[in-house]
Amino acid sequence: VWKEINAHQTVSRKVCAIVVDEAHCILDWGKDFRIDYGNLAVLCATFPNVPVIAMTATATKSDRESMKKILGIKECSEVVGIPDRKNICMRNALELDQM
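Residue numbering for the sequence shown follows our numbering, starting at 1266 and increasing by one per position.
To be clear, the hints were calculated from the coordinates, so they are not data collected in a lab. Quantities reported herein were computed from a predicted structural model and do not represent experimental measurements. Be aware that a few hints might be false.
Lysine-lysine pairs mimicking DSSO-like chemistry, simulated, CA-CA at most 27 Å apart [stated by the list, open to error]:
hint, residue 1, residue 2
1, 1326, 1351
2, 1279, 1351
3, 1339, 1279
4, 1279, 1334
5, 1339, 1326
Turn these sequences into a full structure, and let the hints guide you.
Here it is, written out as structure tokens:
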């Protein structure tokens, strides 16, 4: 389907980016559950000059490498933030029964 779309010059010129949110789903869902995630490499190959942005907040370094391989990304810049947020915390508290 993507090759047919790319053949139409008007569509091809209007594609400015390929953006994948929750990109970690490519690793699990692309095999059986959401097969379109697995077909994203074809989309990226169909538009080789279009930038690809893959976003996730839960991928390990190994996961990021796998996603790049699946998407056919050879060179890229990674923006990795520190997940520790000072305004978010979890506390355990013992609550005594007040009778």
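Going through the hints against the structure:
| no. | hint | result |
| --- | --- | --- |
| 1 | 1326 <-> 1351 | holds, 23 Å |
| 2 | 1279 <-> 1351 | violated, 41 Å |
| 3 | 1339 <-> 1279 | holds, 24 Å |
| 4 | 1279 <-> 1334 | holds, 26 Å |
| 5 | 1339 <-> 1326 | holds, 15 Å |
In this structure, only the earlier hint numbered 2 is contradicted, and the remaining ones agree with it.
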